[in-house]
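A.B. asks: The lines below spell out each chain.
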Amino acid sequence: MSTGAPPLSGPPKPQAKALNCPKCGAAIVLRSFGQAETVVCASCHCILDAKDPNLAIFQQFEIETSDIRPLIPLGTRGKLRGTDYEVIGFERRSTQVDGITYCWHEYVLYNPYKGVGYLSEYNGHWNDISICKVLPTVDHNMFGGSSLTANYLGESYKHFQTADANTDFVLGEFPWQVRVGEKAAVTDYVHPPRVLSSEQLDQEVTWSIGEYMYGREIWETFKLPGRPPEAMGVYENQPSAVRTNVTGMWVAFAGFAVFLLALMSGFAMRAKKEPVFHETYRYNRADSKAEASFVTDVFELTGRTSTVEVKTYAPVSNHWIYLNYALINQDTGQAWDFGREVSYYYGYDSDGSWTEGKQNDDVVIPSVPPGHYYLRIEPEADPSLSGIPYTVDVTYDVPVYGIYGIAFLALLVPVIIISFRAYTFERSRWSESDHPPMQLSSSSGDDE
Amino acid sequence: MTQPVSNCPNCGAKIVFRWSSSVQTVCEFCKSILVRTDVDLKKVGQVADLPSDSSPIQINTEGKFGNRAFVVVGRILYEYDQGGWNEWHVMMNDGTSAWLSDAQNEYALSLSSKAQNLPAAAQVHIGQQFIWNNQPYTVSVITPAHYRGVEGELPFQYWDKTDVTFVDLRSESRKFATLDYSDPEPALYLGELVEFDDLKLKNLRSFAGW
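If you read the protein sequences in the order shown, they are chains A and B. In terms of the numbering used here, the first sequence opens at residue 2 and continues consecutively. In terms of the numbering used here, the second sequence opens at residue 331 and continues consecutively.
By construction, these hints were calculated from the structure, which means they are not laboratory data. Errors might be hidden in some of the hints.
Distance condition first, Cα-Cα at most 20 Å in a straight line; then the derived EDC-like pairs of lysine to aspartate or glutamate [unchecked claim]:
| # | chain 1 | residue 1 | chain 2 | residue 2 |
| --- | --- | --- | --- | --- |
| 1 | A | K312 | A | D298 |
| 2 | B | K491 | B | E525 |
| 3 | A | K14 | B | E525 |
| 4 | B | K532 | A | E381 |
| 5 | B | K505 | A | E156 |
| 6 | A | K18 | A | E38 |
| 7 | A | K80 | B | E525 |
| 8 | A | K52 | B | D411 |
| 9 | A | K359 | A | E342 |
| 10 | A | K134 | B | E436 |
| 11 | B | K444 | B | D498 |
| 12 | A | K273 | A | D85 |
| 13 | A | K14 | A | E87 |
| 14 | A | K159 | B | D528 |
| 15 | A | K52 | B | E409 |
| 16 | A | K24 | A | D50 |
| 17 | A | K52 | B | D513 |
| 18 | A | K18 | B | D383 |
| 19 | A | K14 | B | D379 |
| 20 | A | K52 | B | D379 |
| 21 | B | K444 | B | D513 |
| 22 | A | K312 | A | E381 |
| 23 | A | K52 | A | E65 |
| 24 | A | K134 | B | E525 |
| 25 | A | K134 | B | D528 |
| 26 | B | K530 | A | D85 |
| 27 | A | K134 | A | E156 |
| 28 | A | K80 | B | D424 |
| 29 | A | K134 | B | D498 |
| 30 | A | K134 | B | E522 |
| 31 | A | K80 | A | E221 |
| 32 | A | K14 | B | E392 |
| 33 | A | K80 | B | D528 |
| 34 | A | K134 | B | D527 |
| 35 | A | K134 | B | E502 |
| 36 | B | K532 | B | D411 |
Sequences and hints are given; from them, build the entire structure.
C.D. replies: Shown next, in the form of structure tokens:
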């Protein structure tokens, strides 16, 4: 070597490798720069040793149908959560539950800097999956059976299902020794929108964490033509259609109810309930023609602007009496007109005895300013009545409760509707799990 | 950092030490393994061609660990039954040496620990717990590995290895520990798993088509 700094010859730039299947001669592309353990020949279904320059054959598998095709073709690239990934592998897996076979698909993704990632798809539901870097912990139940919760990065996941997953069909590259027919015990724990899965093959347990994705997001990511397959049913870690946090909503509701109650009792305690007027009059048909209306003595409302309650009592029985009232402010002339009917009927028919109405009536006029007031009263009565006494009571500053009841109901109704929708969504989710909710009715298959 | 310059005793090429405490380096041109003595460089071995690997890291890659910048100055390449992995020797900007491992794009950064009374390889079994620096660690994997080669500067002599055993210990956080049984005396490394993006790596290798 002579003097000076010779040019640096760095290691060659890694290239995707093009090889040929040792069995059938078909072209094989190795896209993962040596990360793959196995690669599958798409034409003769041989599983080959990707680490071997001669691609030694590990296994050749039979396929029952030729229509198993990845929805995202191998070699497709897309930006997933900020990283460009290329689809390098695809497998179909299945599980048998109560004699029914359920199939799903898994895609192997690769980026030379970030490594391998995965996507899974079941009935139009997608998950973006990666291998856990930190080991989850599992709480074993007292019977030593399948554990009910797992914890990962400070979050608790509920056991959803444990099942054997069979590998049915493989295509492309895999960073592990993939074999068709291999069975792994897969356990899923959910905390929507995430799913924590453990996959046990022999003695080796691999944990992965997935996050739910919608078909349209996958289509956008990989710029796929057409539309994604419709998602069927509710998937184990699908985010609830009810976006609201139901527990939080009830807590907020309870808080509001307490607030209403406090407001109500506060106003009730502050209310003076001051009797300002009490008088008994008599209605006589005989002289009613002459002077239909009259005015009462003046009474004073003191303090702040508040409610005025007007109570009317008349000992009617199978009669009515109707009073046209006007509450008039002597100082300003401002008047509040209102009519009240007092009627009470009773009788007996085929259903038994009945009554209708009451001998008492009360009404509350809101926001009456303090001042000097009097009532103008114009009574009318049942033509069959010749005369009847009636009593008028006026109370200033009475508490009103109705508004609180309306506010309470106005909040309660949506809270109940949202809770019910959240409940039915969770029911559909868990009906597919190892812990189905108790059946309320015999109907099933509530897909949609 | 001082950058002592000398020449390869084998081919005469210029040898630059980027890290003053480096004990060993590899001549970039003739692949001689050179060890520093008090006076000069001594050739102790020769690196066979390293297998092509797909680590995106290379000598001179720069990055950050927390708020400390580092530069990659060397590496040890190992193989085990699931592929190869690299222990990249990095020099922190405060002069300390650390290791950035890349195993199938899983990255971790660790530092040599001075802990005493480390268990012998034969005494370690999966599930066993150890506590170092008040942090409990559980033995998760015992990996029989094969030394495959070295490149660049290392803080110790490391070239005549064959089979070596590594014990990986995990915690419930991102912290992990490695027991290295390359030498008669076990060595402990404490570190944490790091995200590629958090390392803010520059001067990475490029891949055809990416």
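A.B. asks: Check whether the Cα positions of K80 (chain A) and D424 (chain B) lie no farther apart than 20 Å.
C.D. replies: Status violated; Cα separation ~37 Å.
A.B. asks: Within a Cα-Cα threshold of 20 Å, do K159 (chain A) and D528 (chain B) meet the stated pairing?
C.D. replies: violated, 31 Å
A.B. asks: Take a quick look at whether K359 (chain A) and E342 (chain A) sit within 20 Å of each other, Cα to Cα.
C.D. replies: holds, 10 Å
A.B. asks: Does E381 (chain A) sit within 20 Å of K312 (chain A), going by the straight-line distance between their CA atoms?
C.D. replies: At roughly 17 Å apart (the allowed maximum being 20 Å), E381 (chain A) and K312 (chain A) satisfy the hint.
A.B. asks: Taken at face value, is the distance from the CA of D411 (chain B) to the CA of K52 (chain A) at most 20 Å?
C.D. replies: holds, 11 Å
A.B. asks: Does the alpha-carbon distance linking K14 (chain A) and E525 (chain B) stay inside the 20 Å limit?
C.D. replies: Judged against 20 Å, a Cα distance of about 24 Å means the pair is violated.
A.B. asks: Are K24 (chain A) and D50 (chain A) close enough, with their CA atoms no more than 20 Å apart?
C.D. replies: Distance ~12 Å between K24 (chain A) and D50 (chain A) Cα, so the pair holds.
A.B. asks: Given the hint that K444 (chain B) pairs with D498 (chain B), does the C-alpha gap stay at or below 20 Å?
C.D. replies: holds, 17 Å
A.B. asks: Given the proposed pairing of K532 (chain B) with D411 (chain B), does the C-alpha separation stay at or below 20 Å?
C.D. replies: Given pair K532 (chain B), D411 (chain B) is violated - Cα atoms ~30 Å apart, limit 20 Å.
A.B. asks: Taking only the CA atoms, is the gap from K134 (chain A) to E525 (chain B) under or equal to 20 Å?
C.D. replies: This hinted pair holds, its Cα atoms lying about 10 Å apart.
A.B. asks: Given the hint that K80 (chain A) pairs with D528 (chain B), test it: the Cα-Cα distance must not exceed 20 Å.
C.D. replies: holds, 19 Å
A.B. asks: Between K134 (chain A) and D498 (chain B), does the CA-CA distance stay at or below 20 Å?
C.D. replies: Distance of about 13 Å is within 20 Å: holds.
Of the hints listed earlier, those the structure fails to meet are numbers 2, 3, 4, 12, 14, 17, 23, 28, 36, in rising order.
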